[in-house]
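Chemist: First to last, the sequence lines map onto chains A and B.
Each residue of the first sequence is one higher than the one before, starting from 1 at the first, in my numbering.
Each residue of the second sequence is one higher than the one before, starting from 1 at the first, in my numbering.
Just so you know, the hints here were simulated from the structure itself, not pulled from any lab data.
Source: prediction; values computed, not measured.
By construction, the Cβ of each residue, glycine as well, lies at the ideal position given by its N, Cα and C atoms.
Just to be clear, a hint being listed does not mean it is correct.
Stated by the list, open to error - Using 25 Å as the maximum straight-line C-alpha spacing, the simulated SDA-like pairs for lysine to any residue come out as follows:
(1) A:Lys270 - B:Glu162
(2) B:Lys481 - A:Ala260
(3) B:Lys87 - B:Thr13
To be verified - A short, non-exhaustive set of chain B residues, derived as facing chain A with CB atoms under 10 Å:
(4) Val28
(5) Glu297
(6) Arg299
(7) His401
(8) Val434
(9) Ala439
(10) Val453
(11) Tyr464
(12) Gly501
(13) Asn502
(14) Arg506
Residue strings, one per chain:
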Amino acid sequence: MTAFRKHLEFLHRTDDCRTLSRPADCSPQVVAAEALRAGGHAIEMEPGTDREGAPTATTVTLASGVYGGIDQSRGQRTTDSRHRQGYPWTRLGIGLGIDQDPAYTDVLESLLALGERRDERDVTYVERAADATAQDLRELGLPTPPDEAWPRFTLGLLSIGSDRGSYWAPIHGTILDGNTIRARVPAAVAERDRLETGAAVTIALGVPPEALAATHLLAITDRLETPIEDRGVGATVPVIPTAGGVVPSSAEVVVETTVADRQPATQSEKREFWERLGGGATLTLESDAIFTREEPVVPFTPLGVPLSDDLQLAALSLSATLFDRVNSYWGVAPVDWLLLPAEGRLGLCLVASEILYAGFEWQLANLLFSLSDCFDKVLVVDTEISPRNLGRALGDSWVKAHPSRDWLVSEPDAPSARMPTYGRGSGGGGGKNNHEGGDSETGARLYVDATWDPRWTDEYIAPRVSFDESYPPELREAVRDSWTEFGFERESMATVGDESESAE
Amino acid sequence: MTTSVTTFREFLTVLENAGALTEIETPVSWDLEASAVTMAANETDERIPVFESVEGNGTAARLVGDPYRGPRGREFDHLARAFDLPKPARRSGPAYYAQLIDRLEKQREPTVIEPGTAPCKEVVRTRAAEDRDASASANGSAKTNADTDANTDTNTDANLLEFPWPYIHQQDGGRYATLTTLVAPDPDGEWGRWSRHRAMIHGESRASVLFLAGEQLPNRYYYEYERRGEAMPVALTLGAGPAVTAASEMWIPVGRSEATFAGGLQESPIELVPCETNDLRVPASAELVIEGRILPEKRLDEGPFGDYFGYVNGPRRSMPVLAVDAITHRERPYLPFCVEGSGVGYASNSTSSLQVAAAGPDATLGLRAAGYDVAMAAPWPYTERTVWVIATDRPYPGALHELANFIFTTWGMLHIDCFVFVDREVNPLDSRAVVEALALHADPATDFHQFGVERMPKVPLNIYQTPDEKGSAAVGTSKSKTAKAYIDALSEGERPTQTIGNPEDRQRARDLLAEAGVAGVADEVDTMGERHSAIDQETDATRHQHPQHQNR
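Could you put the whole structure together from the sequences, leaning on the hints where they help?
Modeler: Shown next, in the form of structure tokens:
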């Protein structure tokens, strides 16, 4: 288990996080959104003198981009920060304790393990780290987005206690006054009796990456009915009891609350990305007690912008789920990796698979359409392509797939996809492509087969150009040995040949 | 008055001053080694290697690996430096395009200088008439004598094999000259036409040249010279300076001259000098000039070659033959070369950078000149040539079809398979924004369009056709046809949030991030035309400066 502050320490240690003072003249959400748009470092904003006054002991340090932040479509850029290698899953993988340079599928499998059912409970209860108290939610100094009146928290964990155990779910919301929170929680949670008016629930901020990732995974797969003590995350993250349910013991901020009201959702409500998949509901919560660690630090993300942390958590969670499903279906596991790039906001799915037999790529793509209604475009690539090279995978859709034979569009009578703007997720229609008859509930699906035709003989298969495949091993070794003598940086050589290492 | 560089050596000095170049004194071999080092540098966004000592090299020529490769994400930066464009053009794709288009609109006529002052005549070597290709002499029009009043010795032993042409990928069919400018006659003008064509070396005096029908110069050869049974006089130049190289990558309309566009780019006339053995004029500062003739009815093998698709295309095909009549060059010439296919996925070699930094602005200008209101047209960075992204509006129904149709039937015929149309607010060089547009706005039911099924010509370098489908057609296109497509990824006002806060706050935020050392904030932004960080991070300054030779 990695405490959130430990996670930040790792990011600093790997030169992947930059610190700045929280500006008085600019919303932290704007700063975070611009950092995400740059596709660069994660950022940590230490308390400064902001518009709302001097910081207190319970004013939080803010961290953004700590679960994603990398624009993979641009590739590695050593000119930005020499030799800083990172992928969209790197920071979460570090947080999950996998490795400094985690393999993509290891991240997916670690995510899946957090959500797995366990036959026996193995929960660790420890002392709460957050022992300072605040009288007023506003003392936390949570950031206010531009053009909004109230401070907002994001990437929170909701815990609801019961006789069977505690149920965790993602939560975000606004601080209406010193005691009142208007919160968004999964609809599946809000619909249950446990969230009747007067029920005690607890919000934890700055929880271990395992705990936060688990909430997103469980929310988007609609598996919130099982206490976390019976899932992998319950055996991974030490917890403490609170008035609501158990929360991670290392949480930076713990807010015990009571459900004051349940309200209808409105279209104007800002949403974290998991809500696009599972639906959300609005609650009013009254704060009963606030605990913080010393110099608390919490993650936050601007909502709705490209590459935000909530989007990346949803993308990785859905990727993990689909990866597991397609490899559990045919008795064999043909899929090497599956990726929903955050750049495409879950409207596009890439899958690298062995083609078991002619037509398997059709079967695979259409199974994915059946398993998720997020996207209507699937790109199937060969397993020689690494998930680290999104550019190559996308490039194969153009150079390897025949433009008239391998771009295959179905009849427009399939259910519309949720994420594209022309589909049912467009929120009230008005998209450009209401299909014939005005029925926007159906649409077409496209899959691109960028794999080699299994009927082709070896002589038809074009060899790849890459450092590993274009030069003999003795020469590659000689180049590596002389790299610094040639005037190049020692660290950069470590990444040569990375492109071809599909096996990671 | 700007101070654009005009020669390849000056360009190397610009790279050196930017800390973007490393001079390698250790002897390396042309036999895969120089290319392997270059590919590794390409893949890692490292410095550009200059190989000062190349083994087995009778002329002491030097190799330069992918000198036009720009920093990843700012592929235009080195050319922006070379042309001394204002600083925003080094940071922002849209700003670079605007500045370069402005240069292209102010063309300048070249000047002709005396051979005695032309750097490319420092060494002049011609082949004796009796040594020239026998079949060529029957058909050709080469002069019989070197008529230069040269400033150096004139020898009679022009020999391609004296130069260290790199063997680039181990699957290649031979050694190649790749970063070339082919100069050919122009019946409509006096300066000749320039175009880039690679050449596979076959011996002391012969090479095969990749001539694909559909391109202007190959068309002239296949449908005029060869039909008349005549050899086409040409000059294959290397290292002729950034403006010449950039102009050679462009599609300049018939009746215009690449030389005048190159003059516009560098804001000074290109200096030309007459050839020794034909009536063509070549850039005087070129590092090396191979004069010769493309012979009629003669073919030699060309390929396989690790090409810009990132794959080794094959099989070998027959291509026209360049017969060498003379070679002139500078002392210890620099021979730039491109490791094609390296780093495909994330544009990172000379071709991909030149496509972004030269072909893109030229295409944007050309489309505007043809009456299409495009904000930007740029190659999709993952594929260099196969897919282009065009930021535009849809002013009337059918406008996108008409625009795609125009390009497919003109300059985009052979290499381009698909266009992606995006909102004019989307920067085509922002791959994230383009992926988003494809994922969210391109409806499979209504927005993916094909121009018929397999009715269009295709360059045989592709890998999705079988060798049988490609064949070895006489004029260099595939035997089988292909399809052309376009994708309408315009959002119709449904584009999701890209930024929050007002422009001033975003600017302030970027300044703060730059101060804190956050990577990338000084780079181009997604929104076209937006201002850039006031704190212009000089990332190059963080590079180690290596001792370099100053006296090129």
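Chemist: Next pair to validate is Lys270 (chain A) with Glu162 (chain B); report whether the Cα-Cα distance is within 25 Å.
Modeler: The given pair, whose Cα atoms are some 69 Å apart, is violated under the 25 Å limit.
Chemist: Would you check whether Glu297 (chain B) satisfies its interface hint, that is, whether its CB is within less than 10 Å of any CB in chain A?
Modeler: At about 29 Å, which exceeds the 10 Å cut-off, the nearest Cβ of chain A leaves the hint on Glu297 (chain B) violated.
Chemist: Hint validation: Arg299 (chain B) versus chain A, beta carbon distance must be below 10 Å. Holds or violated?
Modeler: Violated - the Cβ of Arg299 (chain B) stays beyond 10 Å from chain A, reaching only about 22 Å at its closest.
Chemist: Does Ala260 (chain A) sit within 25 Å of Lys481 (chain B), going by the straight-line distance between their CA atoms?
Modeler: violated, 68 Å
Chemist: Hint check: Lys87 (chain B) vs Thr13 (chain B), CA-CA at most 25 Å. Holds or violated?
Modeler: holds, 18 Å
Chemist: Please verify that hint: Val28 (chain B), Cβ, nearest Cβ of chain A, below 10 Å or not.
Modeler: holds, 9 Å
Chemist: Going by Cβ atoms only, is Gly501 (chain B) closer than 10 Å to chain A?
Modeler: Because about 4 Å separates Gly501 (chain B) from the closest Cβ in chain A, which is inside the 10 Å limit, the hint holds.
Chemist: A closest beta-carbon separation below 10 Å is what the hint needs, so does Tyr464 (chain B) meet it against chain A?
Modeler: holds, 4 Å
Chemist: Grab the minimum C-beta distance from Ala439 (chain B) to chain A and call the hint holds if it beats 10 Å, violated otherwise.
Modeler: holds, 3 Å
Chemist: When the nearest CB of chain A is found for His401 (chain B), is that gap smaller than 10 Å?
Modeler: violated, 15 Å
Chemist: Does Arg506 (chain B) meet its interface restraint, that is, does its C-beta lie within less than 10 Å of any C-beta in chain A?
Modeler: Holds - the Cβ of Arg506 (chain B) comes within 10 Å of chain A, reaching about 6 Å at its closest.
Chemist: Close enough to count: is the Cβ of Asn502 (chain B) nearer than 10 Å to one in chain A?
Modeler: holds, 7 Å
In this structure, the earlier hints numbered 1, 2, 5, 6, 7 are contradicted, and the remaining ones agree with it.
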